Amino acid sequence: MANLVMFCILAVVILGSAVMCVTTKRIMRAATFMLFVLFGVAGLYFLLDYTFLGAAQISVYAGGVTMIYVFAIQLVSKRTLQGMVERLKGSRVVMGALLSVVGLATVVLVFLKNDMLRSMSRYIGAVTPDQEVPMREIGHALVGAGKYQYVLPFEFISLFLLACIIGALVVSRKED
Amino acid sequence: MVPVEFYFILSALLFFIGVFGFVTRRNLIAMLISIELVLNAVDINFAAFNRMLYPDSMEGMFMTLFSIGVSAAESAVAIAIIINVYRRFKSDSVESIKNMKW
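Chains A and B are the protein sequences, given in the same order. For the first sequence, numbering that gives the first Met the number 0 gives the first residue as 0, with consecutive numbering after it. For the second sequence, numbering that gives the first Met the number 0 gives the first residue as 0, with consecutive numbering after it.
Accuracy of the hints is not assured; some may be wrong.
Claimed, not checked - Mimicking DMTMM-like on lysine to aspartate or glutamate, the simulated pairs with C-alpha atoms at most 20 Å apart in a straight line are:
no.	chain 1	residue 1	chain 2	residue 2
1	A	Lys24	B	Glu58
2	A	Lys146	A	Glu136
3	A	Lys146	B	Glu58
Hints are computed from structural coordinates only; laboratory data are not their basis. Computed from a predicted structure; not experimentally measured.
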């Protein structure tokens, strides 16, 4: 019951912030509302007892990505910060809303009518998996090389991050 | 215990709010923020499905973890490109980039 109440609070925060984020005219406010969405999603991970995942979400997204956005906004668009530059076209808003509503209806309908998932959720009703994944287990799975262990993607993502850092530097350096 | 349907509906709503933002906004950074919303919606799904349907395994959790890392790298590169576009065209709207359109 407490879980359900927390979920509802988080859902209201996430959805309200997301709607404000895509409809507000000022980019700085959009970035701030995105920060609230990210915190809400981290709260959802905590609610699912993925504590490590929630911590990673907060540190990487809220600490890193949002900071990059704020710096980029400060570097790029002074006019956008001070006032509204971007104009929303009415026809495009209507088209986007239509597209979103149709897609949402399709996805939710497919999900709620799905037989596999319904049988699954009946099966998991008895399990109630409410316990935290231990940090030791996560660490072993992350750098182990056996079956269901993830050292290859781990190394690959470190290489990928390096490549992205170098790529970003090359793209954004001053030409001289 | 929250039913898994709630997580799914929440993430579907978040996903399509992001799609709406991506379609309507014409500012490059605002579009990138919408993409982040979409990515977060997908991450919620991975974590919730892992926890609700296969509580003994950790595949969804690691998928979410790697997805967080990849999206951080992606946003760094995208921000670099946007700053470069702004330096060249003095504007951060997608209408300013017309050369690669066709």
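Unsatisfied constraints (hint numbers, rising):
1
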